[in-house]
Structure formats: structure tokens, C-alpha cells
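Peer 1: Take the sequences, apply the hints, and build the full model.
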Amino acid sequence: DQQVKQNSPSLSVQEGRISILNCDYTNSMFDYFLWYKKYPAEGPTFLISISSIKDKNEDGRFTVFLNKSAKHLSLHIVPSQPGDSAVYFCAARNQAGTALIFGKGTTLSVSS
Amino acid sequence: DAGVIQSPRHEVTEMGQEVTLRCKPISGHNSLFWYRQTMMRGLELLIYFNNNVPIDDSGMPEDRFSAKMPNASFSTLKIQPSEPRDSAVYFCASSLRQGSGANVLTFGAGSRLTVL
Chain A
186 DQQVKQNSPS LSVQEGRISI LNCDYTNSMF DYFLWYKKYP AEGPTFLISI
236 SSIKDKNEDG RFTVFLNKSA KHLSLHIVPS QPGDSAVYFC AARNQAGTAL
286 IFGKGTTLSV SS
Chain B
55 DAGVIQSPRH EVTEMGQEVT LRCKPISGHN SLFWYRQTMM RGLELLIYFN
105 NNVPIDDSGM PEDRFSAKMP NASFSTLKIQ PSEPRDSAVY FCASSLRQGS
155 GANVLTFGAG SRLTVL
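Chains as they are written, first to last, in this note's numbering: chain A, 186 to 297; chain B, 55 to 170.
Some hints here could point you the wrong way.
[What the hints assert, rightly or not] To give an idea of the interface, some chain B residues facing chain A are shown, with a C-beta separation under 10 Å as derived from the structure:
# : residue
1 : M94
2 : F128
3 : N157
4 : R166
[As the list claims (entries may be wrong)] Far from chain B, by Cβ distances over 12 Å, these chain A residues were calculated:
# : residue
5 : I205
6 : S213
7 : S236
8 : F250
9 : A255
None of these hints come from the bench; they were simulated from the model.
Backbone N, C-alpha and C fix where the C-beta goes; we use that ideal spot for every residue, glycine too.
Peer 2: Right under this line is the structure:
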């Protein structure tokens with residue numbers, strides 16, 4: 186059973202608008218959540234993270250929100266740019282471990 | 055830093071053949087991970103090492119898969135014998151485990167395996 190779920194396989198947004206990518210999780214023992222971005226033929230690259238004791242973390246155009254009671258997090262990209270078109274992976278770390286557990290990813294397409 | 059280096063980038067082989075994927079982690083990193091990406095299952099963890107010691111190999115599909123880390127700068131993932139369902143992109147990643155903190159993994163570019 187998947188512990189980290191990204192239920193939207195794809196998202197299309199116009200340049201300049203907001204992109205919202207969603208992620209749900211089931212394990213209350215996760216202590217960190219991360220977002221990675223992946224371009225074709227490349228490995229995933231780290232984007233932004235949030236600790237389970239926070240509810241928001243912001244880095245430039247990227248903001249991650251965490252709702253622990255709902256076991257839900259989201260990544261907001263404002264404003265969206267064509268270069269943001271990629272696959273976005275949500276990941277979580279179990280506080281007892283080192284490895285990250287990933288969702289299946291959401292493909293974001295930003296059109297100009 | 056050159057980042058995480060994986061080889062080969064592409065491998066095409068026939069069913070039954072042995073496949074060896076290689077990884078050089080970032081110097082100074084003490085954790086190494088092997089992930090596999092498929093359309094059906096996304097990015098799934100196969101195995102990871104801390105200080106060259108395998109910690110969790112529960113994600114390794116079956117006995118046909120094995121991984122080693124003989125030293126801090128090299129790891130291999132071997133499939134013997136390979137099967138068509140092993141076709142996927144295999145990623146190696148490394149990190150510096152420091153107890154608390156997000157433990158950001160740095161990924162290599164991946165090895166795309168096709169088993170005919």
C-alpha cells in the first residue's frame with residue numbers, strides 16, 4: 186500500500202498563474218516532507234522541504250504547505266513559468282530511518 | 055563536485071543475461087540509495103546503505119537482485135538473470151546523514167535498462 190500518494194498524474198497551467206500540486210500520506214511517523222523536480226533523462230533534483238512541526242515553508246516562487254491533521258501537503262508555484270514543466274515528486278522521511286518514500290509523481294505542463 | 059555518477063546510462067540486454075549497474079556517490083556522503091522508476095510503481099526504494107552497510111533491502115524484488123558497497127566511493131546493483139519486467143530506470147542517490155534534518159538525497163542521472 187502506498188504511503189505517499191499523488192492522486193493527480195498531470196496538471197496543466199498557463200504561464201503566470203499558480204500551480205498547486207497535492208500530496209497525501211498515511212504514516213503519522215513521517216517527520217520531513219520534500220519535493221523533487223525531474224526533467225526527462227535527468228535524475229530528480231531537490232526543490233524544497235518542510236518539517237512536520239511546521240505548516241509552511243517558502244523559497245522564492247515555491248511554497249509548501251503542510252496540514253498534519255489531514256495528512257496532506259501541497260506545493261504552490263507562483264508565478265508558474267514554462268521552465269517549471271517537469272515531473273514533481275512528493276517524498277517523506279520516516280523519523281526512524283534515512284531513506285525517502287516517494288509518490289508516483291505529477292507531470293506539470295506550463296504553457297506560454 | 056561531479057555529483058552522483060552512474061554507469062552505464064543506457065543498457066539493452068537479452069533476457070537471462072547478467073546486468074551490473076554502477077554508482078559513485080558524492081565524496082563525503084555516508085548514505086547511498088538505489089531506486090527504480092517505472093510507470094506503474096513510480097520511484098520505489100530498492101535498498102540503502104549507511105556507512106557502506108546495507109540497512110534495508112526489503113525493496114529488492116527477489117533473489118535475482120543484489121547490491122554491494124565495497125567502499126565509500128562505489129556501489130553496484132546486479133541483476134542475474136535479467137527478465138523483461140526488470141526494464142526500468144534505476145537511480146542511485148547519496149546523502150550526508152546527520153541525524154536530524156531533512157536528509158536531502160542527491161540523485162544521479164539514472165541508468166535506463168531494457169531487457170528484451
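Peer 1: Hint by hint, note whether the structure agrees.
Peer 2: Right, here's what the structure says about each hint:
Residue-level restraint check for M94/B holds (minimum Cβ-Cβ distance to chain A is 9 Å; threshold 10 Å). The closest approach between the C-beta of F128/B and any C-beta of chain A is roughly 18 Å, which is over the 10 Å cut-off, so the hint fails. Interface restraint check for N157/B: the shortest CB-CB distance to chain A comes to about 6 Å, inside 10 Å, so the restraint holds. Interface hint status for R166/B: upheld, as the beta-carbon distance to the closest one in chain A is roughly 8 Å, under 10 Å.
Chain B leaves I205/A outside its interface by the beta-carbon criterion, the shortest separation being 20 Å against a cut-off of 12 Å. Even its closest Cβ contact with chain B, about 18 Å, leaves S213/A beyond 12 Å, as expected for a residue assigned away from the interface. S236/A, annotated as away from the interface, has a beta carbon of chain B within 12 Å; the closest lies near 7 Å. No beta-carbon of chain B is positioned within 12 Å of the beta-carbon of F250/A; the least distance is around 16 Å.
Its beta-carbon lying about 21 Å from the closest one in chain B, A255/A satisfies the requirement of being farther than 12 Å from that chain.
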